[in-house]
Amino acid sequence: MRRTRGRRLAGLVAIAVLGLSATECSAGGAQPAGTSVLRIPAPNDAGSWDPAAHGASDLPTLGFFQAVFAMLTTIEPDQSIGPGLATSWSYDAPKTTLTMNLRSGVSFTDGTAFDASVVKQNLDRDLAAKGQAAISLAAIGQVSVASQYQVVIKLNTPDPALLYTFGLIPGAMISPRSFTAAATAPVGCGPYVLDAGQTTRGSTYVFTRNPKYNLPQKFGFDTVQYKVITDTNAQVTALASHQVDTGGVTAPGLASVKSAGMSATGVSGLIVAMFIVDRAGTTNPALAKPQVRQALNYGLNATALLDSIGGKSGSRTTQMFAAGTPAYDASLNSRYPYDPAKARQLLAEAGYPHGFTLQLPSENTYLPALYPIVSQQLAQIGVRVKYTPVSADQITAQYLSGKFPAFMFTYTATQNWLDVQSLLARTAPFNPFHVDDPTVSQLAGQIAVAGADQQATLLKQLNTYIVDQGWFAPLYVNTSYLVWDPRKVSISLAKSQEFAYLYQYQPAR
Amino acid sequence: MPRFLARRVATAVILLVVVTALTFFLMSLVPDPTPAILGPGATAAQLAAKRHELGLDRPVVDRYGDWLAHALRGDFGSSWFSGLPVWASITDKLPITLSLAVVATLVSAVLGIALGMAAAIRRGWLDKAVQVVASLGFAVPGIWLGLLLVIAFALRLHWFPATGYVPFAQDPWQWLRSLVLPVLSIAVGSVAAVAAQTRNAVASVLARDYVRTLRGRGLPRRRLLLRHVLRNSLPAALTIVSLQFIGLLGGAIVVEQIFALQGLGTLAASSATRSDVPVVLGVVVVGVVIVLAVNVVIDALVGWMDPRARTR
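The listed protein sequences correspond, in order, to chains A and B. 111 is the number that the working numbering gives to position 111 of the first sequence; each next residue is one higher, with no gaps. So the working numbering is basically just the index in the second sequence, starting at one, shifted up by 509.
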């Protein structure tokens, strides 16, 4: 009798397990038959839907915004600027007045018509909000409505990256009627609308086609699902189990997703470098000498570090600009081969034949294995590294506070002018000692007002100067991988792209 | 009983104020979060304006007073980073963590009490087996087990989803499926703890004189076990179940990461890491309220089962 009851219980458990496991259906609810669905993992939550709260550098959130909002411009895969809500534009000669002609016949999902007044209201609001968008749009002095479909934007200083920034979140236009609830209820004129019924805020965001969308850019899928997956290992398991159709992985996860039938292409990722920021010698006089900074470049065995720390997934670089962008010069990558003898010679020429002590911060979250090897390598040329531990939540604040003369860090290169403003300018955040170099200032001034061809030449000159002067000691640029399910998705990336824009995902033929 | 409950609730309110005050003052010691809020491109003037806007240039006691006054009206403010209302962020995440903790606790309670009772009553090989399994359950790290479960049941057998959460209201069946692997990976240790505690409590009650007397008077075995042995053993088991529930709430973060469940643990970790004070305080309040509520319920249950407990 007891045995029969046990068997019955075991049978019930088996039925429950089989029943639970039998229903193979993706989380997030079923989709209507005959529609194409794209499921993308998002490395972070969408957060606020208010564009004023996001800057140009907020790339992980961009996909959410590209789904529901249209931007003033479009960033093409090769980083050139194409039309968006603005169809054409022109600068005056000093590049301080930008006139933009806008698309007519566009309306927001709440019925509000898009026009020049909407652009003015959006940009004025972004600037007044004093959030991250205001910082990205800081060059804007005044926005005025010239006609129903033309705005004139007066700039305080020329900003060669402004049209690029307009293709990112700060360029997203929202309906003025949604200003008060902008953080929680997105109202745009983009290709999709947020399906609140299918969306679980913070976990899964479902977008369905916006029937009013009439911009020329084509989006291939009927439904887009963003699944928030913050953990990189969880992203790999979601890809390997086909819970998502595309995503990014690093080298360790590649084999797992490829064995699940995913296609992959390598994309340039983070640049790992020593940022030699005290170039005026304020806290460490040795670093004021170019020979010393060059010696650090010669003294670091970047190839060995790439092999041991970077898992051989990446390539050697000596520059802080992304491959494929105008400033990048492949020939510069042979400028600093590993040469400790040359490094010691340069130190001696600079007046440091016995080396010097270098105070660096260290952390145990991002590059923990790097620090002991760097100190060993630099000890070979006489540079005695002393580390000060910094907690993970304080890394950016401490590194950019001017407390340390140099630091090991990673950098994501984007658009050349944004990189110049971020790394090289006197007020750049990665220039915490506010070093003002006349050559850099002069070249940056010329780049700001130059035409496209001349700009590329000047950017290369600037890059060459920085590399020669040893402002940084870049080691390598990581390779990560964009993967996708070839049965469902087709993607084509340009050489310099680090991630795909939403419009680049098309259904597989 | 009402006086007993009123005393517990009053203690809970005092504790809530003390814990939030401590959290607030501790969070005020962390470095200025405004550079992280505005990003590396912010100027000194922009940073100063943001500090003023957030009230960071005011004395910490004033700021806590303000926060408490708003919190008492149900207004927990907005995230310093996303600008989203704290309460909305919490209510988005709370069902995920509560689902995980409640289901894991139910599994732990049912399996743990059943195994513990069986071991204490049957003794012999079953008792030894339960003790070995309980030791293993204590020893197996949830993170390791979670990864193994994903490989076996999601990647190889495709029985359960590897990641993600489906709300109960959207699809109860998928909700249950999305919880199976996360619950298994965190419940193993709790089952072991509850089983060990229940086994000892039942064994101790079975050895009491009154049980022998009742058995000698011919009381049916089922009635003896359920009415007398289980009822007198349950307070100890319930206490350990409540402790496990609280532990599961706190320990959910690891499982939330493995299974990409965007729950309260993940929110707590991300907001604490970037010093998002309003969100941290909101999470602390919710956490403390849940813990206190569980304690009050358990105290009431134990008091109901054992009248002596009401006077303690």
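Worth flagging that the hints you see were computed from the coordinates, not collected in a lab. One thing to keep in mind: the hints can contain errors.
Said to hold, decoys possible - Only pairs whose alpha carbons sit at most 20 angstroms apart, straight line, appear in this in silico EDC-like list of lysine to aspartate or glutamate: (1) B:K559 / A:D124; (2) A:K130 / A:D58; (3) A:K403 / A:D436; (4) B:K559 / B:D575; (5) A:K289 / A:D195; (6) A:K495 / A:E349; (7) A:K130 / B:D575; (8) A:K130 / B:E562; (9) B:K559 / A:D58; (10) B:K559 / B:D571; (11) A:K218 / A:E76; (12) A:K212 / A:D231; (13) A:K460 / A:D329; (14) A:K460 / A:D124; (15) A:K130 / B:D571; (16) A:K403 / B:D541; (17) A:K289 / A:D468; (18) A:K154 / A:D195.
As the list claims (entries may be wrong) - To be clear about the criterion: a stretch of chain A counts as covered by chain B if any three or more of its residues have a C-beta under 8 angstroms from a C-beta of chain B, and this derived list gives those stretches: (19) 391-402; (20) 467-475.
Ideal Cβ placement from N, Cα and C applies to all residues, glycine included.
- Can you name, in rising order, the numbers of the hints this structure does not satisfy? Checked against the structure, the hints that fail are numbers 5, 6, 7, 12, 14, 15, 18 and 20, while the rest are satisfied.
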